[in-house]
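Order-wise, the sequence lines are chains A and B.
The numbering used here applies: residue 1 is where the first sequence begins, and numbers increase by one.
The numbering used here applies: residue 448 is where the second sequence begins, and numbers increase by one.
Possibly wrong hints are sitting among the right ones.
Said to hold, decoys possible - In silico EDC-like pairs for lysine to aspartate or glutamate, Cα to Cα no more than 20 Å straight-line: (1) B/Lys-535 with B/Asp-572; (2) B/Lys-535 with A/Glu-438; (3) A/Lys-433 with A/Glu-302; (4) A/Lys-18 with B/Glu-579; (5) A/Lys-432 with B/Glu-529; (6) A/Lys-171 with A/Asp-66; (7) A/Lys-18 with B/Glu-541; (8) B/Lys-743 with B/Glu-621; (9) A/Lys-3 with B/Asp-461; (10) A/Lys-3 with B/Asp-551; (11) B/Lys-563 with B/Glu-621; (12) A/Lys-3 with B/Glu-541; (13) B/Lys-669 with B/Glu-641; (14) B/Lys-583 with A/Glu-438; (15) B/Lys-538 with B/Asp-505; (16) A/Lys-441 with B/Glu-541; (17) B/Lys-535 with A/Glu-302; (18) A/Lys-17 with B/Glu-661; (19) B/Lys-538 with A/Glu-208; (20) A/Lys-119 with A/Asp-139; (21) A/Lys-421 with A/Glu-438; (22) B/Lys-535 with A/Glu-337; (23) A/Lys-3 with B/Asp-520; (24) A/Lys-19 with B/Glu-661; (25) A/Lys-75 with A/Asp-88; (26) A/Lys-17 with B/Glu-529; (27) A/Lys-437 with B/Glu-529; (28) A/Lys-106 with A/Asp-153; (29) A/Lys-441 with B/Asp-461; (30) B/Lys-536 with A/Asp-66.
Please keep in mind that the hints were generated in silico from the structure rather than gathered at the bench.
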Amino acid sequence: MNKIGLITWREYSTRVKKKSFIVMTLLGPVLIAAFYGILIYLVVNEDIASEEKQILVVDESGIFEDRLSSGELLKLDYRRSRDKALTDSALLATYDGWLSIPSGFKVSDPSGIVYRSRKNISIQLKEDLSNRMEKVLSDYKMEQYGVSRELIDSVKSSVSIRAVTVDKSGKEKNTSTELYAAIGMVLAIAIYFFVFLYGVQVMRGVIEEKTNRIVEIIVSSVRPFQLMMGKVFGLAMVGFTQILIWVVLSGLLITGISLFMGGDMESIQDISKQAQEMQSMQQLPEGTDLTAFEEIKLALSELNIPFILATFIFYFLGGYLMYSSLFAAVGAAVDAETDTQQFMLPITLPLVFAFVLSTSVVLRDPNGTLSFWMSIFPLTSPVVMMVRLPFLTLSEQWWELLLSMAALVLTFCFTIWLAGKIYRVGILMYGKKVSYKELYKWLRHGN
Amino acid sequence: MTAPYLSVQSVVKDFQSHRALDHVSFEIPASTVFGLVGPNGAGKTTLIRIINQITAPDNGTVLLNGRAIELSDTARIGYLPEERGLYKKMKVLEQIVYFGQLKDLSRMESLDRALKWMKRFGIEDWRNKKIEELSKGMQQKIQFIITVLHEPDLIILDEPFSGFDPVNTKLIKEEIQRQKERGATIIFSTHRMESIEEICDHVGMIHKSRKVLEGRVDEVRKSYSREQMELEFKGEPDGLNYIPGSLTDMGEGRKRVVVTLEGTTTRDLLRTWNERVELFSFSEKLPSMEEIFIEKVKEGDHE
């Protein structure tokens with residue numbers, strides 16, 4: 001049965017040779033890097049997004065003057081009382097807003113503060129102002145109770161927790177929640193996008209063959225199932241090629257950047273050597289505090305990267321096979337892409353749901369009940385399990401992974417069978433608006 | 448008739464709302480051209496799909512060389528569907544080679560044959576063009592090449608001339624004859640009857656999901672003979688009986704009419720006419736397949 005191979009090869013070679021594929025493969029990482037670069041830049045340099053605010057504080061109580069000071073983006077002017085001759089309009093012509101603190105303002109009952117402005121106050125400014133004022137008030141109260149400034153400062157402390165997981169045998173592993181979350185997210189996003197993008201491409205390919213009526217010639221030579229599987233496999237190979245090129249490219253890019261930044265290869269090797277040394281230490285002496293960088297290095301060395309990659313490929317393939325066969329069935333059931341909406345929704349919904357929850361609930365509590373069930377349920381497991389994967393202690397939770405994988409394999413076998421039946425009837429059915437009821441009939445009788 | 452190459456036996460196919468084929472049987476002898484005719488929607492395409500094993504019959508069998516047709520037989524069938532389809536973005540040669548491989552040809556063999564055919568049709572310069580850059584007629588030629596590339600024993604052509612100009616129609620007609628001489632059996636499906644007499648040896652007709660006619664083309668036409676004669680002459684046929692409206696002017700004073708025998712013999716008929724006009728030719732007027740076709744359709748509609 002080399003027919004599937006032949007179809008796979010055609011799908012693969014024609015798509016890989018396309019200009020759009022080459023452009024996307026080469027530009028994709030650049031675009032993604034640029035996108036996240038800009039995002040991180042904006043988050044880090046918040047002030048770019050917002051501008052300095054000039055605010056007049058009319059403090060009739062006299063509590064805030066000298067205590068509430070101007071900040072980086074906040075310029076405050078003080079007045080003890082409001083000049084009655086000045087109207088709001090006149091005031092707001094020179095200031096972005098003015099804050100009034102009434103004369104009867106009491107520290108024990110901090111109410112009656114009003115902020116007036118032309119534009120709506122932003123959440124950021126409102127929070128900034130109230131935070132500053134709360135701090136002023138608490139400092140003011142402490143002073144009243146006779147607590148000195150030095151004492152107040154010495155009370156503040158910063159706590160960092162080193163996360164260590166312990167398995168049954170008592171072996172300890174250093175972890176970095178932030179790093180693991182980042183790795184999990186990257187893998188989950190990769191699966192989500194690939195399943196989506198390539199699933200839709202499978203659907204488009206099926207629709208193209210159907211509308212061009214090529215399908216009639218092909219199914220007079222091969223079984224419809226072979227055609228469907230050839231297409232699904234071919235696109236999986238295209239996806240793998242793309243990932244492989246991206247991995248190689250980003251590897252080159254990172255090496256290039258680190259060389260450019262003055263850090264030569266030696267220092268990179270140095271880091272990995274250091275990490276190995278730390279790993280060999282196994283149990284860090286009690287009371288060792290690590291810097292964030294060291295913590296990441298250590299946690300990275302504890303990760304079983306080949307295992308994570310292998311699991312990623314498994315879920316990538318499993319999720320893709322499951323979803324793309326469904327997409328193929330949708331393509332076969334309709335006459336044009338515009339008719340796909342009603343069938344697309346139930347397929348894309350669990351995928352989007354998994355993705356959205358991955359970035360919130362699952363990330364916050366990777367070993368929680370919801371996260372567990374979503375990583376077992378096959379329609380959501382490929383995305384959710386990726387987020388959970390770095391957080392799994394395999395010696396304890398191996399069965400969760402196994403259960404999830406088994407469920408995924410069973411499900412894609414089922415969806416491929418299901419899709420094959422719909423596909424077989426659908427590809428030769430023209431000019432008929434297909435409903436779910438109709439699909440059910442195809443499943444039961446075939447044609 | 449010798450043992451048929453393809454035998455369709457009492458095939459039934461039901462769709463959800465109607466019966467597309469109702470106990471249809473045909474016998475198609477080897478190395479002949481079989482015209483499968485019938486109005487649109489009669490069930491021709493469904494029958495073709497069953498022979499191609501794209502769909503399975505609900506009842507009845509299809510025998511190839513006396514044994515039930517199998518999936519592996521599709522490699523020996525060439526199919527030109529009515530709705531032509533090619534990959535628009537794929538290059539011509541690549542496409543022909545691919546379809547050849549799908550029919551179990553090796554890549555080299557497929558490439559070799561594709562080049563030969565392209566040369567023969569005078570389109571070898573187009574090998575690296577994409578299908579979408581080609582004219583419709585050119586695409587049709589490529590589709591025909593794909594159909595016959597693997598030298599199939601059975602060739603099924605569904606409306607092969609639609610969309611062809613007269614030059615290309617002639618080319619394809621010649622190719623059909625060559626394929627027949629090579630030993631292939633050809634099923635030629637159409638709802639247009641003009642070419643049936645010229646191309647087909649046998650004919651089978653489906654109307655409203657049922658077979659209404661089958662046989663050798665010449666025998667079918669003879670059996671539908673309405674005892675009409677065609678006469679060509681010079682002179683005025685005043686007072687002579689002929690079918691009203693059949694009088695045609697052939698130029699240079701010659702005229703042609705169709706006459707019904709109506710109980711008289713040809714000898715009497717000739718004598719009568721000979722006395723009045725100068726006769727040039729006299730022949731039996733057999734009904735054309737088109738006339739038989741229309742008659743059969745009307746018959747069926749009155750049921």
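Hint-by-hint comparison with the structure:
1. Proposed proximity of B/Lys-535 and B/Asp-572 is supported: the alpha carbons are some 18 Å apart, at most 20 Å.
2. A threshold of 20 Å between alpha carbons decides the hint, and for B/Lys-535 with A/Glu-438 the separation of about 31 Å lies outside it, so the pair is violated.
3. The suggested pairing of A/Lys-433 with A/Glu-302 is violated, with an alpha-carbon distance near 56 Å, which exceeds 20 Å.
4. Restraint check for A/Lys-18 and B/Glu-579: satisfied, since their Cα atoms lie roughly 15 Å apart, inside the 20 Å limit.
5. Taken as a hint, the A/Lys-432 and B/Glu-529 pair is honoured in the structure, with Cα atoms around 19 Å apart against an allowance of 20 Å.
6. Between A/Lys-171 and A/Asp-66 the CA atoms are separated by roughly 56 Å; this puts the pair beyond 20 Å, and the hint is violated.
7. Proximity of A/Lys-18 to B/Glu-541 is assessed by CA-CA distance (about 15 Å); at most 20 Å being required, the pair is judged to hold.
8. Between the alpha carbons of B/Lys-743 and B/Glu-621 the distance comes to roughly 30 Å, so the proposed pair goes past 20 Å and is violated.
9. As the CA atoms of A/Lys-3 and B/Asp-461 are separated by approximately 30 Å, the hinted pair breaks the 20 Å bound.
10. At most 20 Å may separate the alpha-carbon atoms for a hinted pair to count; A/Lys-3 and B/Asp-551 meet this at roughly 9 Å.
11. Between the alpha carbons of B/Lys-563 and B/Glu-621 the distance comes to roughly 17 Å, so the proposed pair stays at or under 20 Å and holds.
12. For the hint pairing A/Lys-3 with B/Glu-541, the CA-to-CA distance comes to about 16 Å; that is within 20 Å, so the pair holds.
13. The hinted pair formed by B/Lys-669 and B/Glu-641 meets the criterion: a straight-line CA distance of about 18 Å does not exceed 20 Å.
14. This hinted pair does not check out: B/Lys-583 and A/Glu-438 have alpha carbons roughly 35 Å apart, beyond 20 Å.
15. A C-alpha spacing of about 39 Å is found between B/Lys-538 and B/Asp-505, which places the hinted pair above 20 Å, so the restraint is violated.
16. Annotation: proposed proximity of A/Lys-441 to B/Glu-541 is violated, straight-line Cα distance about 39 Å (limit 20 Å).
17. With a CA separation close to 52 Å, the supplied pair B/Lys-535 and A/Glu-302 exceeds the 20 Å bound.
18. Between A/Lys-17 and B/Glu-661, the direct Cα distance comes to roughly 51 Å. Violation of the 20 Å bound is thereby established for this hinted pair.
19. With a C-alpha separation of about 16 Å, the suggested pair B/Lys-538 and A/Glu-208 falls inside the 20 Å cut-off, and the hint holds.
20. A hinted pair counts as satisfied when its Cα atoms are at most 20 Å apart, and A/Lys-119 with A/Asp-139 does not qualify at roughly 31 Å.
21. Distance hint between A/Lys-421 and A/Glu-438 is fulfilled; the C-alpha atoms sit about 13 Å from each other, no more than 20 Å.
22. The straight-line distance between the Cα atoms of B/Lys-535 and A/Glu-337 is roughly 17 Å, inside the 20 Å bound, and the hint therefore holds.
23. Proximity of A/Lys-3 to B/Asp-520 is assessed by CA-CA distance (about 15 Å); at most 20 Å being required, the pair is judged to hold.
24. Of the pairs offered as hints, the one joining A/Lys-19 and B/Glu-661 is violated, with about 54 Å between alpha carbons and a cut-off of 20 Å exceeded.
25. Pair hint A/Lys-75 plus A/Asp-88 holds up; C-alpha atoms about 19 Å apart against a cutoff of 20 Å.
26. Distance hint between A/Lys-17 and B/Glu-529 is unfulfilled; the C-alpha atoms sit about 31 Å from each other, more than 20 Å.
27. Distance check on the hinted pair: A/Lys-437 and B/Glu-529 sit about 30 Å apart at the alpha-carbon level, beyond 20 Å; violated.
28. Restraint check for A/Lys-106 and A/Asp-153: not satisfied, since their Cα atoms lie roughly 25 Å apart, outside the 20 Å limit.
29. A C-alpha spacing of about 14 Å is found between A/Lys-441 and B/Asp-461, which places the hinted pair at or below 20 Å, so the restraint holds.
30. Distance check on the hinted pair: B/Lys-536 and A/Asp-66 sit about 75 Å apart at the alpha-carbon level, beyond 20 Å; violated.
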